[in-house]
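Based on these hints, arrange chains V and F on the given structure of chain B.
Protein chains in written order, with the working numbering: chain B, 1 to 429; chain V, 1 to 429; chain F, 1 to 429.
Watch out, some of these pointers could steer you wrong.
Some, not all, of what chain B presents toward chain F, calculated at C-beta under 8 Å [said to hold, decoys possible]:
1. Thr7
2. Arg9
3. Leu12
4. Cys16
5. Phe17
6. Gln20
7. Ile24
8. Ala28
9. Val31
10. Ala89
11. Leu93
12. Phe97
13. Ile99
14. Gln100
15. Leu318
Calculated directly from the structure, the hints in this document are not laboratory data.
For each residue, glycine too, the CB sits at the ideal point set by N, CA and C.
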Amino acid sequence: MAEPGATSRLRLSGLCFLLQTFTILLFAAFVRFSPESGPGLCSQPLNCSRRIQDWGSQPPRFRDAHIQTLLGFGFLVAFLSRYGPGSAAISILVVAFAIQWALLLQGFLHQFRNGKIHLGAQSMVRADFGAAAALISTGAVLGRVNPVQTLLLTLLGVTLFTLNEYTLLTLLGVSDSGGSVTVHAFGAYFGLLVSRLLRQPHGEQREEQQDTGHQPDVFVVVGTISLWIFWPGFTSATTAHGSAEPWAVLNTYLSMAASTMATFVLSPVLYEQSTLRMVQIQDAAVAAVAVMGMAGEMLVTPFGALIAGFLAGLIPPLGFRFLTPFLRSRLKIQDTCGVHNVHGLPGVLGALLGTLLAALATADAYGGRLEPVFPLLARGSRTRTGQALLQLSALLLSLLLAALGGCLTGELYLGGPGRGPRGCARCCR
Amino acid sequence: MAEPGATSRLRLSGLCFLLQTFTILLFAAFVRFSPESGPGLCSQPLNCSRRIQDWGSQPPRFRDAHIQTLLGFGFLVAFLSRYGPGSAAISILVVAFAIQWALLLQGFLHQFRNGKIHLGAQSMVRADFGAAAALISTGAVLGRVNPVQTLLLTLLGVTLFTLNEYTLLTLLGVSDSGGSVTVHAFGAYFGLLVSRLLRQPHGEQREEQQDTGHQPDVFVVVGTISLWIFWPGFTSATTAHGSAEPWAVLNTYLSMAASTMATFVLSPVLYEQSTLRMVQIQDAAVAAVAVMGMAGEMLVTPFGALIAGFLAGLIPPLGFRFLTPFLRSRLKIQDTCGVHNVHGLPGVLGALLGTLLAALATADAYGGRLEPVFPLLARGSRTRTGQALLQLSALLLSLLLAALGGCLTGELYLGGPGRGPRGCARCCR
Amino acid sequence: MAEPGATSRLRLSGLCFLLQTFTILLFAAFVRFSPESGPGLCSQPLNCSRRIQDWGSQPPRFRDAHIQTLLGFGFLVAFLSRYGPGSAAISILVVAFAIQWALLLQGFLHQFRNGKIHLGAQSMVRADFGAAAALISTGAVLGRVNPVQTLLLTLLGVTLFTLNEYTLLTLLGVSDSGGSVTVHAFGAYFGLLVSRLLRQPHGEQREEQQDTGHQPDVFVVVGTISLWIFWPGFTSATTAHGSAEPWAVLNTYLSMAASTMATFVLSPVLYEQSTLRMVQIQDAAVAAVAVMGMAGEMLVTPFGALIAGFLAGLIPPLGFRFLTPFLRSRLKIQDTCGVHNVHGLPGVLGALLGTLLAALATADAYGGRLEPVFPLLARGSRTRTGQALLQLSALLLSLLLAALGGCLTGELYLGGPGRGPRGCARCCR
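Looking at chain B on its own, in the form it has when it is part of the complex:
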């Protein structure tokens, strides 16, 4: 990132202090632990028969809190390994603030009762999702913004993410348990739009830096393994109770296996190098998870996951080869970490797959699992076509919000010190 002087360092220090103080005050005023529904209760059989209050239309899995956060943070490992140790400090700052901010905003929308937010274990999982979206956005502009700007980006990104997620999941009843649309696609396109507006004259210097961005193999290996270990659990962390849960895990697992094979199919054809670079395998794993975010709990047949994973695994090699240069030269969008190929397009593919599956969802195929996956469909208050259209409109709404929000955020950046006053007009050309 840009070398900040003494002023810049103090500005970062001050902003962190301000944000943390503000957050503490809000927590003091509003946030309390959920009084009766501790997650620990559910591991004691005698208490588990009383149903925990639903949270929006998606009853979150009420399991041990530390397992949840453990799984959730696998996300972070993957991102860090992609962005490299040099950016790790900033990534952790993003997570530390995004989690607190997401807890507050999501609490106001979801768990605000009697003037207090009632915090529980599932709040942490949702907050992890928010932090993940913020990290994806950061990935598009990494190395071109200073820490202060990154914090502001996180502030706005998490706010928009929470609004979008609340609209889609709670108000519209869209099924997107693993965040194909709300996390991957939203985070990627939000970051890309910000990146579009950040485009600076000294952008040419970026190209080498982007190449050195390929970390030492050790780090990428650790990241890839973490993905394989933790992410199947992450995509299923907020799926419906009971029977739909293992579907999401197994589907994600199969999807990762197939997408790895796809990378080995395509990369030798596209690239001259004799051996595959680990970072390509990591890209395949991330894409496989992004495509399974929405469809993971919907896929009834394992071979569907294999096919979807195989297709998702084709996207990153093709994208890095053909799309990223095109974006850079024509659309003037620099994508430092390639979030478009790894999160954006696979997320869109996942949403289309989810739409298709919702259109095909019949009680025959799902049996007792229709209720947890598509509750409104099961209760008869919505048709299959209606649900499918909603899943599709969720994608369009997210892209629209990401585009508008990205323009707005980029605008705020460009109005900052040391940058010319270029406007949203450029973004919307």
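Positioned in the frame of chain B, the structure of chains V and F alone reads:
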């Protein structure tokens, strides 16, 4: 590995495409999710009273799917760290394909009902075991075969592993929950026999490469810690329900502690260097787990695990010092990653220990735990001596199958392009 | 560490052999698996209604053994990453021996019935705590003692830790589930006192070595992530059953987020460098956990965790800037890994916070959670003031025992071969 040209790259690409397409077709034709016995059900107390259908004679633990896969993949972490980042891409390819292939084959043998394979969470764990055996085999020939050959080795290795496992665990009722025989010994000797037949004139170049094979410490440290964290759970992943399970975990844990001490006892005597290399400690941990694979759930007394672990910890230092040079010079067997010292011999020791324990198993010593560990013994349909003989014959059968299979596979390799047509005769001399 | 010759290597080998043989004999004589209360039972709903026997006044969480050890070992990951790969071998040796030794000693104190120690899953967790305290102590003297001395330090440290823990938790009924006092403060001050007595003329050479002690970023990143993933579960591993457990997890999580922000507030002011070093963020995470060790299960309001974490996050930057040079120049205490700033002071702060919370604990604020957190208070056999005074006296007792024990241990060291016979007088000046 050998530097592949354009032809070789395209051959890898084509083989991956072929295998993946074939797998998808088989999955489409045969594999469905298990309809009623989702693993998620078991975390809901009300549904848990109905017993899940046994799977062979070993009722697998029916727990959360993601915990299972999480633990299972700890295996992979350890292997990758041993083989080094340079081989990580190939290892992941092996895992990605081995899991799909093992799911299919094991499904046909274990879960084939009404023309369909019913996939569940426990299938993933068994598939992880298969992938682990394939990785161990790969470890013996790593750096001397190209990716295409590695894939074929995986294809054959997983097939033989599945046959062997089915014969031993299901047909013969052998207890080997952690895979001392089926995973460690079988994988190691299968790989060693293939390595024997691969012996090439340019084998001398290997010796330096083997030395550079000692990875940077960071990587080995991460691998060792992963072993300590994940493997105790892995060895107990398929143990019997209930009370026998913590035995396997605690025994493995104690075994690792004692074998680490053993390495600190022996290494200063054998080697001149002043400080221990981390890779030696990792070897000790792997050997400790291999020896506990079969006996882990059988050992009634903790000090037994300490003694077994201590003995297992003596094997790798002695083996690398005296046995590996002997194998290389006399038997012409190159063992790139030393799988013989780390997996092979400790696995054999574990099988002998298991035999001894089965011979000593009385209802007095085991109490209610006899039933889950030795079900046939508890039901009176088998004597202690019979069970012990079976445990021993399991070792011999596995070694025989590994030897024959290794010869067959090596033969197939040697008949490949660019290699002289040497035959099985050499193997069986 | 000092370059040991052949004699030194053989002495290490002999000591390891001696200790391991001694441990095996003790295990053979005394240790058996707990006959009826296997942890696996609790995952089977039907058996869970029978209450497991309490262990001291703190009923440990009786969950799956491998989850426990998995979480416990997250501790180790963090320490290793702090001390660097060069010291990893010694750290693993410390853990391997400390676990066995702690199992024996804690078994004699806690689980000794009918002449036998009954080992269960929770024993492993407590042993992990002991190993953690030993690792912290080792951190203060790392690089200045040879492996033999490290083993002896572990032997004495674990013995004193077990005595201290038994006195505080079982005899006095102090609540310290995450070990603010028993693990962090005790381990740090014990190590510091030993370090004081080790002060040698060639101590000047240490300063450079201390600087090279900053590991490559990759390693620190992995350690920090492991902390975030595993430690919230670790602090809650021995908390009371049920509802108090998620509090500890969530509080620790929030504390880590706030302390990371605090580091970003303070570091830019104190240091000239433009970007934060990852090791500073890791320090913040460790401090945040140390401060939550005692208070984690007591804090009713999330903002309390944020404030405590923020304060704890200020300690390491200030400590490394002002306190460590002062300790080194005035008190002649070298602190290789800065355990005073990262474990010692935050642990003391955590104990003070715990005292305050105990003084404020009312049945109104805690509701049904008073019983698991402060059992004696809930039963009316102790007043709030009494409990608060006990929590405070726990801190003082631990510091006293750490100081005396450190002097004793340092004395034993200094009397060793090759060192002048300086005495305890110097320690107590």
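Inset, instruction - Would you pick out the hints that fail for this structure and give their numbers low to high? - result: Hints 1 and 15 not satisfied by this model.
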